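One line per chain: the protein sequences are A and B, in this order. Count the first sequence with the working numbering and you get residues 1 to 330, in order. Count the second sequence with the working numbering and you get residues 1 to 414, in order.
Don't read these hints as lab results, they were simulated from the structure. Given the structure is predicted, the values throughout are model-derived calculations rather than measurements. All residues carry an ideal CB built from backbone N, CA and C; glycine is no exception.
Listed next, with one range per pair, are the computed distances between beta-carbon atoms:
| id | chain 1 | residue 1 | chain 2 | residue 2 | range |
| --- | --- | --- | --- | --- | --- |
| 1 | A | W60 | B | N123 | 30 to 36 Å |
| 2 | A | D77 | B | D223 | 23 to 29 Å |
| 3 | A | I32 | B | K155 | 54 to 60 Å |
| 4 | A | I309 | B | A162 | 46 to 52 Å |
| 5 | A | I140 | B | D223 | 27 to 33 Å |
| 6 | A | F147 | B | D252 | 36 to 42 Å |
| 7 | A | I309 | B | A138 | 32 to 38 Å |
| 8 | A | L51 | B | N123 | 27 to 33 Å |
| 9 | B | G91 | A | I68 | 52 to 58 Å |
| 10 | B | E192 | A | D77 | 22 to 28 Å |
| 11 | A | P151 | B | D312 | 26 to 32 Å |
| 12 | B | A138 | A | P137 | 27 to 33 Å |
| 13 | B | L219 | A | I68 | 46 to 52 Å |
| 14 | B | P105 | A | P125 | 38 to 44 Å |
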Amino acid sequence: MAGRNTIATSPLPAQKTKLSDHPASANWGDRIFYNLVRLSALFVIILSSLLVIELFHGSWEAINKFGIGFIWGTTWDPVKEEFGTLPTIIGTLVKSLLALIIAVPISIGAAVYIAIFAPKWLRGPLSYLVESLAAIPSVIFGLWGLFVLVPIVRVIQIWLKGHFGWFPLFSGPAVYGVGVLAAGIILAIMITPIITAISRDIIRSVPKSQMEGMLALGATRWEAIRKAILPYCRVGLAGAVILGLGRALGETMAVTMVGGNAFALITSLFDPVHSMASQIASEFSEATYSLYISSLIYVGLVLFGITIIINILAQILIWKISNGKVGIIE
Amino acid sequence: MKKSTHISKIAILIAALTVSSIAFTACSSDEPTPTATNVPATATSAPVPTSTRVPAVTTTTTPATATPTRAPSTATPVPTIVSTAPCPTKGVTEMTGAGATFPFPLYSKMLNEYNKLCSVKVNYQSIGSGGGIAQVQAQTVDFGGSDAIMSATQKTQAKGGAVLHIPLVAGAEAIIFNLPGIERSQMKMTSEILANIYLKNIKKWNDPAIIALNPGLTLPNTDIAVVHRSDGSGTTFIFTSYLSQVSTEWKDKVGAATSVRWPGDIGGQGNEGVANQVKQIPGAIGYVELAYAKQNNLKWTQLQNKSGKFLDPSIEGAAAAADVASLPDNMEVVITNSDNPNAYPISGFTWLLIYENQTHEAKADAVARMAWWMLHSGQQYATPLDYAPLQGAAIAKAEALLKRITINGQPVLK
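Just chain A, with the same shape it has in the complex (with noise of 0.2 Å):
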């Protein structure tokens, strides 16, 4: 998405001719060329091929014990053997939920601030901050947030069913410090750094007349931002997000360690919440039986398919709001 983007708001003229119509025409460096990378485009092919071909075999004792029925059943018992997922997959969803709600606002403000405002000076130093957050193992992340998140999620958890103890998402054990609201937070701090990365560079490659050109007409800086900047990068910035979506799907380790990992529907923001990533990190290594393997890979399959489907949402959402065109030459 990104590098669409970077076609879109490239100064050049559109190229009507493509290099894809003369193939061999070239000489012998330029065919050699053109297969190796036509082979690269086959293998990432091949690679997600291989992927889901293995994913159906692995789950395929599964996927014929509980069917479709899989995805909304909501007990997990290894004991007698029956297992259906809906939980996890609510606990995935809305944690990353609460990640993108924390972290857009925080990181696009970011990105706006270090490609617009920064100083010279100040904006190499705060790159480097951000590239290397995004850097860090996602299990020291989760280490510092199982000793120094956890507690001062439960104080603010405390307070808050204390004063607004009413309110339907306030309504869970406030006293645990884990769960969705501790899962929600590291996951908008994991995620942050990424989105913030990206939107920066697209921030910055939209052409410098933009900007001009509003506050010539006397706009302020905020409105000039909204107006020219923003507008004008909103495909790559959406890609940007989805990106940070897709780290806040998959994430493993950090969520396992904050998140309370309960097994059961959640119903408020300090509920533990269950993963699909950890459930199937945590408890693979310990599955002794075939069917719970393979239940193990089902919940990996439907893991692959919500992202399937949300990157596609994604590719509609973008092409709604570019009015059906990605960038200016297409």
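Guided by the hints, dock chain B onto chain A, whose structure is given.
Showing chain B alone in chain A's frame:
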């Protein structure tokens, strides 16, 4: 240079000390009872094939510490071992094993020492009991490790036929809690109350049943936050086996497995996850391995055993749980809620999984000798790492099992 001379000095000192202690114990304990020589025999056989000084030091310390605990069990028929050389005799220099994570610290210590003794590299991958069983079934490892007994279906899926479950050490689990003002060992707990807490039938710390059992304590009106392991684990298997034994309601509703359908409340990842939740949440209760509870100074309860005694979790209690006359010959037994009056009730074995009928002669010899060494000389590393070394009836039965390993119909260990 300086460093190496320093080390060699220490080594000489240790050697001298142990030699004198051997002499002392040999005089005091071995002479009167010829049956007791079975243990020293295995140990003293160690230095024979090799000439290095290190093995002499490491192996001979075993009988010195083991003799007092072994003494009462001379009444039970212990097979007399003529001599079992600890090292592979058929040229094997590498072995692989995989399985349970719970004994991993001990196995890596043991196998490291074994490598020093025999120059045999044993690679044990702690991938979990389930993984260990799968690898054994597929015959991709020389031996497996498991905290759980293989089920009937799992046994039928084993490509190489019958799999022996050889217990190596026992472990105990502590019930930890977080109530300000109440310290370690001050609270008493019974199996019934524990089961009801985990079933969420008892929800407050000032429940009449808990008060009646602990009249001296001031118990707050706090909700009990029940913490369990969220990852599948042998620890959970032992804990839920215990609850299934002592509570029919638990057995019917939940059952025993490496991970179960918990009635409540929150899951922690690993021992550290559970311990951390319990530490942070006022009113929390959880279960962790004894070693972990000890090393982190967690507050635990005293737990009533089958004979009615209230006991702190301890390696002695775990060893006692394993030392009962009623152990079956195949040792595929859960030792929770043991009959031994000194047993701590939440104790469990960890097993080595080895095929009874081996196909590769040299490998069979190597695996059997390694297991034998781990069961005897290797046991000295258990206590410092908070595992319970086997004693009495348990070790005799384990020995008998190792002798069942065959190659082409012939026993590997004679």
